[in-house]
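Engineer: Chain residues, written in single-letter form:
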Amino acid sequence: MHSLINLSSVSFSYTDSDVIKNISFSVKKGDFVGLIGPNGSGKSTLLRIILGILTPRKGVVSLFGKELKKFGEWEKIGYVPQKATNIEKNFPATVYEVVSMGLLSIQKFPKIITKREDSKIKEALTSVSMENFSQRRITELSSGQQQRVLIAKALVVSPEILILDEPTTGVDQENKESFYNLLGKLNNKGMTILLVSHDIGRITKYVNKVASINQKIEFYGTYKEFCLKDAAYKKEYKLYSDKG
Amino acid sequence: MIEILSYEFMQKAFISGIVIAIACSLLGVFLVLRKFSLIGDGIAHISFGGVATGLLFNITPFIGALLFGLIGSFGIIKLKEKSAVYSDTAIGIVSHVSLGIGIFILSIASGLNVDILSYLFGSILSIKTTELLLSLSLALLVIVFIIIYYKDLFYMSFDEESARVSGIKVNFLNSMLLILTAVTIVCSMNIVGLMLASSLIILPAASALQIKTSFKKTLIYSVLISVFSVIAGLIIAYNYDFAVSGTIVILNALFFLLILLHSKINNLSSNIK
Ligand SMILES: Nc1ncnc2c1ncn2[C@@H]1O[C@H](COP(=O)(O)OP(=O)(O)OP(=O)(O)O)[C@@H](O)[C@H]1O
Ligand SMILES: [Mg+2]
Chain A
1 MHSLINLSSV
11 SFSYTDSDVI
21 KNISFSVKKG
31 DFVGLIGPNG
41 SGKSTLLRII
51 LGILTPRKGV
61 VSLFGKELKK
71 FGEWEKIGYV
81 PQKATNIEKN
91 FPATVYEVVS
101 MGLLSIQKFP
111 KIITKREDSK
121 IKEALTSVSM
131 ENFSQRRITE
141 LSSGQQQRVL
151 IAKALVVSPE
161 ILILDEPTTG
171 VDQENKESFY
181 NLLGKLNNKG
191 MTILLVSHDI
201 GRITKYVNKV
211 ASINQKIEFY
221 GTYKEFCLKD
231 AAYKKEYKLY
241 SDKG
Chain B
245 MIEILSYEFM
255 QKAFISGIVI
265 AIACSLLGVF
275 LVLRKFSLIG
285 DGIAHISFGG
295 VATGLLFNIT
305 PFIGALLFGL
315 IGSFGIIKLK
325 EKSAVYSDTA
335 IGIVSHVSLG
345 IGIFILSIAS
355 GLNVDILSYL
365 FGSILSIKTT
375 ELLLSLSLAL
385 LVIVFIIIYY
395 KDLFYMSFDE
405 ESARVSGIKV
415 NFLNSMLLIL
425 TAVTIVCSMN
435 IVGLMLASSL
445 IILPAASALQ
455 IKTSFKKTLI
465 YSVLISVFSV
475 IAGLIIAYNY
485 DFAVSGTIVI
495 LNALFFLLIL
505 LHSKINNLSS
515 NIK
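Those protein sequences? They're chains A and B, same order as listed.
Residue 32 in my numbering is what sits at position 32 of the first sequence, and the numbering runs on without skipping anything.
Residue 249 in my numbering is what sits at position 5 of the second sequence, and the numbering runs on without skipping anything.
Bound-form chain B, shown alone (with noise of 0.2 Å):
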């Protein structure tokens, strides 16, 4: 444990792990009980077309990828606003754009195609530290933000329409949430990669839900169970030589399975007596 730490890329892996497992869980919480989950995959095809198109001309991946990702954001924003199409065709449509987008930019230029795995599917060891800061302030920024607006992101979940009546700026906190999920899903491109950037999202809140308990207590459970899987499966991945990815996935995945068995045999043991 101690000499895993001695590494400075496991310590920044430990250290935006960490945080970067926060914004995921708090955000997730709302985006699951909003079914705008995959909104998470959705904005991480949008970043592959800024990875690629920041390899291309140089830029750094991170800060293409945040640009796009913004940038498509907003046009699902305004796609959803202006037409007549469904949330979840305006994030298809803009996703799958962006994502041609770069297949196109790597079809054109071909040394680049190593580099960009490493985004795909994530890199602790390729973690650079204006990287680092970067991501770990953007995160932070997210966390106050859920800290702040919490209880009203909680009544637009429950009521959007009484909410609003409440005097809640329900537009705003909208449009809100889908830039915070833009700028974490891109900060947690190098733990997780673009393939599984989601999962940090959907799997801790869908853990948390199955608990079944008061609102505060899904938020801290979510916020719990994802930080622990980044914990543990840093370590593991490390000392086995796992994808750090892959594993966190893996332990979120049994972490769900888990409580989902615990209930169901709480509730058949209930129904027993």
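Next up, chain A with everything else stripped away, as it sits in the complex (with noise of 0.2 Å):
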């Protein structure tokens, strides 16, 4: 089986030294990835690379197979940014309206929501639990239910990967949980999912593979493989679990 996500040797730098660092990395089909990794290691960069929006200074990037230059399919892969819920004050936008932004990569002139994207749009929130608030202004919820509906956003379009980027921010303890829970059941129904996030604790139930990167790839594998790794790994991870 083909990989949908792979790197090989993929180098990076913003300005003169590099801040990722020939990296090589494959997400396979019905992978959940937690892509974990301190401050400024580079996870951001990285899946901004994957997504095309920068580009490598060396290595090659490849999804669904495709050399990214050539590839166009952007409807396949849904993203949720980090920092995704720091929504203008005033932004003029329905629950709604923010959804359906999502349905542009596949749109056609004149971009008209037909009856079928409507039903989508209403599945995708009904997915996150936010369809009894699809004509409240964006700006009038509380940043965890921000947080799904931009979730919800990505899932318009039915995504095969879907890529996060710690998007658990600003969610409490409890939705946290239930949120991860509805990743892990995308991911039962055959999403693949690639999550950055420092809730490496919190995720074990649902992933089925970790990457540790710091510039470089520390380590790629089973969960069960990175607890047996070294202390080192240990250390990072009782890091991570103690931020909750």
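Any given hint could turn out to be false.
Calculated lysine-lysine pairs in the DSS-like style (CA-CA distance at most 25 Å, straight line) [what the hints assert, rightly or not]:
1. B:Lys-461 to A:Lys-89
2. A:Lys-89 to B:Lys-460
3. A:Lys-69 to B:Lys-413
DEER-style ranges, computed between Cβ atoms [claimed, not checked]:
4. B:Tyr-330 to A:Ser-17: 21 to 29 Å
5. A:Asn-214 to B:Thr-333: 32 to 40 Å
6. A:Glu-140 to B:Leu-501: 20 to 28 Å
7. B:Met-420 to A:Thr-139: 23 to 31 Å
8. A:Leu-68 to B:Phe-416: 37 to 45 Å
9. A:Arg-116 to B:Ile-392: 17 to 25 Å
10. B:Glu-405 to A:Gly-221: 50 to 58 Å
11. A:Gly-184 to B:Asn-515: 21 to 29 Å
12. B:Ile-392 to A:Lys-115: 17 to 25 Å
13. B:Ile-480 to A:Glu-140: 35 to 43 Å
14. B:Asn-510 to A:Gly-221: 54 to 62 Å
Because the hints were derived from the structure by calculation, they are not lab data.
All residues carry an ideal CB built from backbone N, CA and C; glycine is no exception.
Hints are included, so try docking the two chains, each in its own frame, into the full complex.
Structural biologist: Set out below in structure tokens:
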């Protein structure tokens, strides 16, 4: 089975020194990968490279077996960026309108929402239990609710891969649990997930692989292997789980 | 009302005023949301250089302003890309250089100073038919472009990075926003003048955003406020012999205040309940 995401020997620098050093890494269909690493280790940068927002200085990125330059089926990928909940204080958009943005990657001119798309939007909102808020302004929701709406926006095109960058910042404990539960369910239904998280303790139930990076790949394997790895990892693991 | 419409210059003013009001107010919502609302002022300064150059070399000032506005907005895009300056600094640099050129030209050709006032403050009496047709078709193009791309622009204003990942051509649209603004500012020169050109971009959008509703309705309110202010402004200014541009801007400011007050009162009363 080929990898949905594949990076080989990728290096990247914003200025002169590399913040991503020679990373090779692949995500297979059905994987649920937890990507961890300390602040500034390059997690968000790595996601931006995978998503084609940043172009690596060296190395090759392919999605669905196609080199990034030739890849165009962005509707297969759902993305929830870090700090997605920093929504402009007065941004004029209803929950429904935000979720409908997710459809733009598949809509053709005149981009009017069809009956089918309308039911997809409702379905996506239901999957994150936000169906009763569709006409509320996004800015009038709590940050945990906003985050769920943004996930619905990523889910609305039924992507094959869901990429999330610390999606639970600002979400309370209880909602975090139900949120990871939701990701687990999606994964069970066959969705491939790449999740950046500091919450390694909480996501272990759901992930089947862990990737730990700090500019370079420090570890990539199953969660069990990860636990058995040397004491340094365990220390780090403790550090993460302490953060809660 | 009927009487007003019997004058040809008023007919021209109403037609171009309404179309330009629509273009400005649609564009305005996106510019305000992208914190780019002062770009209009910047481009107005740039266009001033074009008007002066046009007057000096006997080119229609409208064309001069349009050329300067377009070249200037490309200048801003390039300066932003190729150097480490912030976008407001880029706007400042390009607009002041152009303004300086305009003033320099006016100082060496002193006979032009009377004409320039109508471009600075707007003069519906001096709208020429060619300028009217040109500005009408350009403003219509702006409106069509926004109707085609408004969802993409909306997504981009919400989250540029995600929009990019969805395959939206963010760089193209950012550049287009700048170019459309240049075109729109120049088109509104005859009605409100360069001094107040960006008021029709900022004020109706700012008022509509105070209403705190969905995005679609915000766009519609912005257009309604803008069109109403232009129609009422023209009628009032005609009847009382006021300056058209000033009247339109004051009406817009009143709208803004009314909406602000209304939402404050609403908030208060809902807090009391
Ligand atoms: N736009 C940028 N320009 C220059 N350097 C940057 C930029 N964004 C990030 N960096 C640097 O690149 C490195 C990796 O940053 P990145 O945001 O990928 O880290 P991260 O692992 O996502 O951190 P966090 O856990 O805080 O989200 C950091 O050293 C950071 O300072
Ligand atoms: Mg990050």
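Engineer: Each hint needs a verdict: does it hold in this structure or not?
Structural biologist: We went through each hint and held it up to the structure:
| no. | hint | result |
| --- | --- | --- |
| 1 | B:Lys-461 to A:Lys-89 | holds, 18 Å |
| 2 | A:Lys-89 to B:Lys-460 | holds, 18 Å |
| 3 | A:Lys-69 to B:Lys-413 | holds, 15 Å |
| 4 | B:Tyr-330 to A:Ser-17: 21 to 29 Å | holds, 24 Å |
| 5 | A:Asn-214 to B:Thr-333: 32 to 40 Å | holds, 36 Å |
| 6 | A:Glu-140 to B:Leu-501: 20 to 28 Å | holds, 24 Å |
| 7 | B:Met-420 to A:Thr-139: 23 to 31 Å | holds, 27 Å |
| 8 | A:Leu-68 to B:Phe-416: 37 to 45 Å | violated, 19 Å |
| 9 | A:Arg-116 to B:Ile-392: 17 to 25 Å | holds, 22 Å |
| 10 | B:Glu-405 to A:Gly-221: 50 to 58 Å | violated, 30 Å |
| 11 | A:Gly-184 to B:Asn-515: 21 to 29 Å | violated, 41 Å |
| 12 | B:Ile-392 to A:Lys-115: 17 to 25 Å | holds, 23 Å |
| 13 | B:Ile-480 to A:Glu-140: 35 to 43 Å | holds, 37 Å |
| 14 | B:Asn-510 to A:Gly-221: 54 to 62 Å | holds, 57 Å |
In summary, the numbered hints that this structure violates are 8, 10, 11.
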